[in-house]
Structure formats: C-alpha cells, structure tokens
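K.L.:
Chain A is already provided as a structure; the job is to place chain B on it using the hints.
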Amino acid sequence: MSKIMEIQQIPKSILTVLNQLYELEEKIKKQDDPANLSRNVGKIKDAFAEDSLPLSDAGGGQSYIGLAYEDPMGQPCKETRTDLEATISGPGTENLVVVEVIKPIIRAIFKDSAGKFSKIIQKGIVIVESRKEP
Amino acid sequence: MSEMINFGIDLGTTNSLVAKFNTGIVEVFKNPSGFKESLPSVVGFRNDRILIGEQARRYVERDSKNVVSQFKRKMGTTESFKIKALDQSKTPIELSTFVLKELKTFIHTGEVPEAIVITIPASFDMVQCNATKEAGLAAGFKQVILLNEPIAASLAYANKEKNVDLKNSQWIVYDLGGGTFDVALVKIMEGELKIVDHEGNNYLGGADFDALIVEKIIVPQLEKRGKFTDLLKQMKSESGKYNRLWYSLLHKAEEAKIELSNSSSAEIDLNRISIEDEDGKAIDDEIQITRSEYETLIKDAIDNTAEMMRKILTRNSLRPQDLKFVLMVGGSTYTPIVRKRIEELLGIPVNTGIDPTNAIVIGAAYFAATREINLVEKSAEKSDKQDELKVRVSYNRASKEREEIFAARIVGDIDGLFYRITCDDGSYDSGLKKLSSRINEDLPLQEDAYNLFSFKIYDVQNNPIPADFDSIQIAQGIYNPAGQMLPEDLSLVKDDPNTGDTKLDLIFAKNTVLPTRVKKTVEVSKAVMHGSSDEIRIIVVEGPSENHSTVNKPVGLLEIKGKSLKRDLLRGMEIDLTFELSESRDLTIQAYVNPSGPEFSQIYSPTRRDVPVDMLTEEILMLGTKLEQEKAEALSNENYEVVEKLDKLCGPVEKLHDEAMIMSLDDVTDDRRKLEDKKRKFAQEIFQLTAGKRLERLRAEYQAAKEEVTEIVNEGGNDHERRQLHEIVTREHTFLNSKNPQKLELEIDQLHHISFQILRRTPDFLISWFQHLVQRRETFNDQLQAKNLIEAGKKHIESDDYDKLAEVNARLHNLLPHIDQVSKEMWHYTRII
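Chain order of the listed sequences is A and B. Counting in the working numbering, the first sequence runs from 1 upward without gaps. Counting in the working numbering, the second sequence runs from 1 upward without gaps.
This is chain A alone, in the form it adopts within the complex:
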C-alpha cells in the first residue's frame, strides 16, 4: 500500500493558496490574459505538483508528495462520485453535469518506483445541473 494513503490532512494555509491560485487562473481565463499571467500561475502549479511537501516514512527517511488541483467543470457527476460536494440546481436529478466550480478537487500525488498514486485532499465544491442526453 502506498504511503500516500496515510496522509490525513494538509495544512489549511496550503489549501487556501491552491484555491486562490485556481480562482486566479479562472479570472485570467475570463480576461484574455494580456500580461501573460497564466505562465506564472502555471509555474506555481508546477512547483506544487513537484514534490512540494515532505512526508516522513517509518524508516526515518524522507519522501515527498506533490499537490495538484483538478477542475471538474463540465464533468458528469454520478451518484457514486465522492470527490465532489455537489449541489443540484434546476429540477432534474439524472445525467448531472458540473456547471459551476466553487472550489476545485485537490489531490496529493505520490510517486515511487511502483508508480504514481494519488489521494483526494479536498473535495471539489460544485453546482451540478441535469443535462438532457443528445
């Protein structure tokens, strides 16, 4: 079993920074990014995704985890999904799709010789709506 499953909580301040970064990215998208801020946002995201937090292992050594957010906008929201705290807007409850993201999903990522593992650290807070299938 990967060490990542032992992670219980990430400092709230780090989650706040990632949530703010997500908001920044969304705002930039809306404004055509005249100052090329998305590059800076991208670099901050990369810095978080690359082994940004230390994780002690039982052997006394040190390994690291990365943190990354995932934008669930437009994704289907089945009743089996537990990575989203969804509020349904509108009358339907079938074929729900994410139409607004208040907070993104945040995952911790751990890589070792066996491969990549991840764990949800923050559920996405979203609003979903029923979409008629074409």
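Calculated directly from the structure, the hints in this document are not laboratory data. Check the hints yourself; a few may be wrong.
[What the hints assert, rightly or not] For lysine to any residue, the following SDA-like pairs were computed, each having C-alpha atoms within a straight-line distance of at most 20 Å:
(1) A/12 x B/355
(2) A/111 x B/447
(3) B/645 x B/661
(4) B/241 x A/131
(5) A/111 x A/47
(6) A/103 x B/251
(7) A/43 x B/285
(8) B/674 x B/618
(9) A/103 x B/267
(10) A/27 x B/178
(11) B/743 x A/54
(12) B/236 x A/91
(13) A/78 x B/236
(14) B/233 x A/91
(15) B/561 x B/521
(16) B/65 x A/95
(17) B/743 x B/674
(18) A/29 x B/236
(19) B/520 x A/42
(20) A/43 x B/573
(21) A/43 x B/281
(22) B/281 x A/31
Because the structure is a prediction, the values reported are computed rather than measured.
P.N.:
Showing chain B alone in chain A's frame:
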C-alpha cells in the same frame, strides 16, 4: 475489571458522529471517504444503491421521493417515508439504522462494537427513546444506552476542565447547530447531572443565517447594480432562471459568514460567478459585508433564542445570575455576535471552553467509558455466515480507458448480504448494494496512476463478512505493459558553478514508459546579448546520469543564439524547458524565454540532433584541460599509477583536437560522428580512472564533516538542528552508496550549513569573524560607515551583546568589495545552471 462500552454516537438531526474513549483520550472518527468527522443524517435509495451521508445529501431537495433527511424529528411517530425506488415505506427507525450502520464503517481500528451510547435530545419522550434504542439494536449493537445531548455536552466540558468545581451549580447548554436549536437547563442533583427543563426550535440554525445574507444583503445589491425582475423568486424556484445563482451565493455567504467571525468585514467576489442581468450586462464587482451589517441581520433570531432561555428561567424561578454559565455547543456558536448577544441579554458569562462541533459525541464517549458492557444475549448469534465467501473476479488490471468494468461471481450463502466498492483515493463509493451471485460495477479511473479499490461484503448489520478477495488494482494509462520503455537515462547538460565543470541533470529516468513529458526551469549563468554570436546550449545526452556529460551520447541540441534574440538575455533570467519523448523516442525540446514581460517570448525547437563541429572541437579542448587537471591532482596525491595511465591518453586526445580543427564546419561526411565517438571513448576512460577516486574523497570528506558537525551539534545545537543532522545521518546509506558525486556534495554542504548555523551564534566565532573583517578595513567601500561599525562592534564585544555584533558583522561584510562577495567568474559551456 469489566470491559467498558467506550463507544459513543451523536445521532443528530442533520449530522451524526461516532467517537471512542481510549485510555483517557477520546478519538472522534473521521468519515473514510472525506475529511469531516460528521456524517450527514441522510439516506437515499437511487437505482439499486443505498446511499448514506454526503452522497445522499446532494439529492435531498431534488429527489425527496427517494432521499430522506430530518427523520430524527419523526422518531417514535407512526409516520413513515414512502420510497419510490423501492416501492415501499421506510420508518424513521429503519432510516436511523442505516445512519448508525454507516457510522460503524468510520471506526478505522477494525473494532466492531457490540455496545454503544447514543445521544438523544432533551425533548425526546419515552416512545422516541425506545425508537432510538430499537434503531441501535437493528444496527447490530447488542446493548444500547441513551444519553441526553445537553448532559453529553456538559460531560465533555467537565472532562476538559477537570479543575472547575461544578458541585451544587446549574447552567444552561445552548446548542445552535446547522439547522436546529436546543436549550436545556442542567443541574447537579444528588451528585448526578439532570436536565431540569428545555426548549427548542427545529427550524433555526446556521443555514438560515447564510440564506439571510443572500436575501437581505446580496440580492438588494445585485438589484441595484443590474436589471432584474423578481430576482429572489427566480433564484429560489427550481425552475427559475437564477436557481443556480442561489446555490452559488449560499456558498459565498457561508464563506463570508466564517470570515466575519474573525474580521470586521468580508468581501463577496462576484468575479468568479457568472451573473448577467436581464439585459445581458455582466455583474462582476465585489460586495462588501461588514460584521455589524451581519449582526443586525441575525439579531432577531439570536434574541429569540435568549427569549427561550428566559422562559426556562422564569418557569424555574431562577435569575440569570443563579446560573454558573451558558455552555455553547453547535457550529453556529462560533459566531461572535451569538456569544456577545447572549452575554448582553442575560448578563452572565458564556462558556466556549469546548469544541462546539463535536462536544456531544465526545461527552457520549466519556460517558461510555464509565458504563460496563452487559450484553443480554451474549454471543447469542455470532454471524451465521462463518464460511468464507468465494469471489471469482474478472477485470482488466491495466487500462487505457477512464472507466473499467469490474465483474465478479460470488459462491457461498449470499442471502441478506450487501457489497460496497470504494476507491482508496476517496473519489468513488458504490454505496451499499445487495449482493447477488453475479455483480458488475463501472469503476472510474484516475489517469496515469494506480487505482486501488476496496471490495467489502457486509451482513445486514453492516458488519464485514470475510471473503477471499478484497482489493481491486487497476493501472491506468502509462502503466500499460505494452508501452515502450526508455533504455537509458536522458539528462540535461548544465554548467556547475561549484566545480567549474559541467554536470548532468536527469530529465527522463531509464525505464520510463513512453510517451512522456517533463518540464524544467533553468537559469541563465552568463548573459547573451542580442545580435551577438554568443549562444545558450540546451544539450540532452543519453546514458547513466551519474556520468560526466562528455561520456554520454548527445541526442538533442537546441541553441538559442544571440542573433535570434529580440533583446538581451541577462544572467539570472529563467528559461522554461519542455522535453517531450514520443512513443518512438523522438525528442522535442522547447524553450520558452520570458524575462520580464509578455512582449518577449519565443519557442525554439531543435533543428539538429548531431553535435556541430565547432562544439565538438570545444568539447575535445575541454577534455584535454580536464585530462591535465586530473593528472596534476593524481600527481599531488602521489597516485603514480593513475598518472601514468592518464599520460598515455594525452597524445591521442591532442591528435583528436587536431583532427577536429581541420574539419570544415559544414562537414557532411561521417567523420564528424566518428570523431564524436572517439571523444566519448577517451572521456569514458578518463572518468573511469578518476570517478572512483572523487567518490572516495567525497565519502571521506563526508565522514569527517559528520564527525565535526556531530560534535558542534552536541555542544550547541537546538532541537531543530539536532533533527536536521539526524535526518542526514539516517538517510546516509542512500547517498554513500550512490555513484553520483553531486549527491554527496549536496549532503556535505548541508552538514556545513548546520555547523555554520550553530557557530554563528557562538561568541568566539562572532568575535573572530569581526576581527577578520577589521583586518580588512582599508578595503571597505564606505570607510566612514565601516569606522562607525567597527567602533560599534567593539562596544558590543565589551558589553557581551552578540546579537548586535552579528548584525555589525553582516553589515561590514556588505561593505567588502563586490569581488569578495561573489564567487569568481565561472567557466561557461552551456550558459545555463
């Protein structure tokens, strides 16, 4: 000693929690598929699944025919809830049973408690109490003890503040949660906690405050800023044009409410919510809410709760001052105005000594720790499904899809059993499903990762049943075994300012599955002026990353030439590099240079994959220099065997250089590649002769540094420094056995850093540093300032003020000529570090 119950449950109207007392400490268990301690008391029946908690809650307002909440209010009544999907009704007892069973899955210790303490509101009558007990028994507990919620909260307080004397006193427990309000008068009578009186409002809580913020502050503001007709109605109606906005704003209002607990104002940023008025005008400003506005908004509701308390006091002929305090419970009591207003209206202190969100379950666990397990039907019926079930599974272990079907055939007695599949990363929960002999489930997969799922079978009381299969593992994307593997490391060549040589920075490790992509940021180590013939070289080489760059085979080169630059590329500027390897191992390098603004950005792609002649010549020259250096070092170490072997290489390397010099820059023959090959072979020989020696020297250097630093740390190190040293020593096996000298150098640097940290605090070190600086007084850039600082430093030494002496030293150091402060100009080959 008899065994105690130890487990307690707060079976709430909106949320439920479970906790355990264990050797003096209470642990509140967390929801395994989330991060909260609480489980929403909601049960849903959708399709063939039973959903409990968060998953069910999202459907509560939209699918009331299949999803039920607030059933605690109907406990003990004959009312039941008709469930459309099941075509049958469920009683409040049955629904509460589902919640209790789900809470059992929170207990990560693997224990299955047979006895439990469950809390009930002060208002519950005998029938409601019996109904709660029945739910507990149906959930598989063989002994159920009930405890009043205000008593539980008081116990949590009494156990936390053990030195507070509560004898002969009475107090009020004020419980304002997310959706309900309860208040109770608690008294110690004949040594026992008793509830004397209580009041409540089932429809008042924090959620109402959020709605008030939207209705009374945000909506009027929106109406001022845009054109809307009946905005609030359009928001609240499920078919209304602005229904989605209602929910977005409720979230924003909740965030603002929490912020207002600590700040005097909060902003609601409408930028992120797309709001357009009826004319299509976007409204994207901020709305400011002050704490006083919010307080005015909820004042009436708080005053009403105070009124209920007054009623209790009047009924019991008490004055507020007869109460010891008002104990605050429930998340909404975090709001400062709630505390302040109650204090104002009653004139007695409120007590916020316990965590209002979990006080009741903590009290229940403390109570459970004092009650013995006394099972009526002891081990009457151990699960009759003793035989392990046999599960025959079929699914793809490796997939390129985002979803895979998991199919299984179950052999054994499956009657009355359920199964559940959850993803270990917390993203999926199938809900409880009736077990049948054949099952199928679509499992969502995370891209490019190992996806681990737990498969569990439960009996009707949600106790796990042993089976011969419990874990599903699916590797998605890059783990497809058919994927091509990289046979050798690929590394980037960089200048190494410490050694004046080059070093390798691993980009793709051997055995990486293709295709793949990596991003790196490098720094310019020497300026390249636009229009000049200088260049930056992005060189990618193939071979072990511990090797020297000249030993490995160059596979990619990207040159950023001064002639192609629009402006100067100065030292310290960053270059973003992206390396992509296709499935057929085609390498693409992209460089993105963006020094200060968006106006300057260029993307480079490699045009050549061979080493050009001029670069090759330079490399051979470099090899010759290296050879001379190594020879001199071996000579000074009296290692004559190595000197002799290196000597033999001198002639051939010189010859190689001559061959390169006469080759034309645009040579199209194979000679260039032959020359390159020869160069690599010589390089390999040189490094084989010397690399082991370098590692050996570094290992010895590390041991010496470790010894020295250990002594310094033992004498003057603080906890942090001791830990730093311990961490390095614990992982030393990883770098001492490594063939990479850079790893060792890094750790030696770390050791020196620790000792410097400690030494710089010691008076002896600071004084000798100061004296050293004073000796150089004639070289300081600002003589007057230096004179003053030296005088000040002497005074600090006399008065033993070493903090100030450290400051003086730092300032004097800054006055030294620039050349002393920076490392000497290094040799540049790639111009990147």
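K.L.:
Each of the hints needs a verdict: does it hold here or not?
P.N.:
Evaluation of the provided hints:
no.: 1; hint: A/12 x B/355; result: holds (18 Å)
no.: 2; hint: A/111 x B/447; result: holds (14 Å)
no.: 3; hint: B/645 x B/661; result: violated (26 Å)
no.: 4; hint: B/241 x A/131; result: holds (15 Å)
no.: 5; hint: A/111 x A/47; result: holds (15 Å)
no.: 6; hint: A/103 x B/251; result: holds (10 Å)
no.: 7; hint: A/43 x B/285; result: violated (28 Å)
no.: 8; hint: B/674 x B/618; result: holds (16 Å)
no.: 9; hint: A/103 x B/267; result: holds (17 Å)
no.: 10; hint: A/27 x B/178; result: violated (32 Å)
no.: 11; hint: B/743 x A/54; result: holds (18 Å)
no.: 12; hint: B/236 x A/91; result: holds (12 Å)
no.: 13; hint: A/78 x B/236; result: violated (24 Å)
no.: 14; hint: B/233 x A/91; result: holds (15 Å)
no.: 15; hint: B/561 x B/521; result: holds (18 Å)
no.: 16; hint: B/65 x A/95; result: holds (18 Å)
no.: 17; hint: B/743 x B/674; result: violated (33 Å)
no.: 18; hint: A/29 x B/236; result: violated (30 Å)
no.: 19; hint: B/520 x A/42; result: holds (12 Å)
no.: 20; hint: A/43 x B/573; result: holds (14 Å)
no.: 21; hint: A/43 x B/281; result: violated (34 Å)
no.: 22; hint: B/281 x A/31; result: holds (16 Å)
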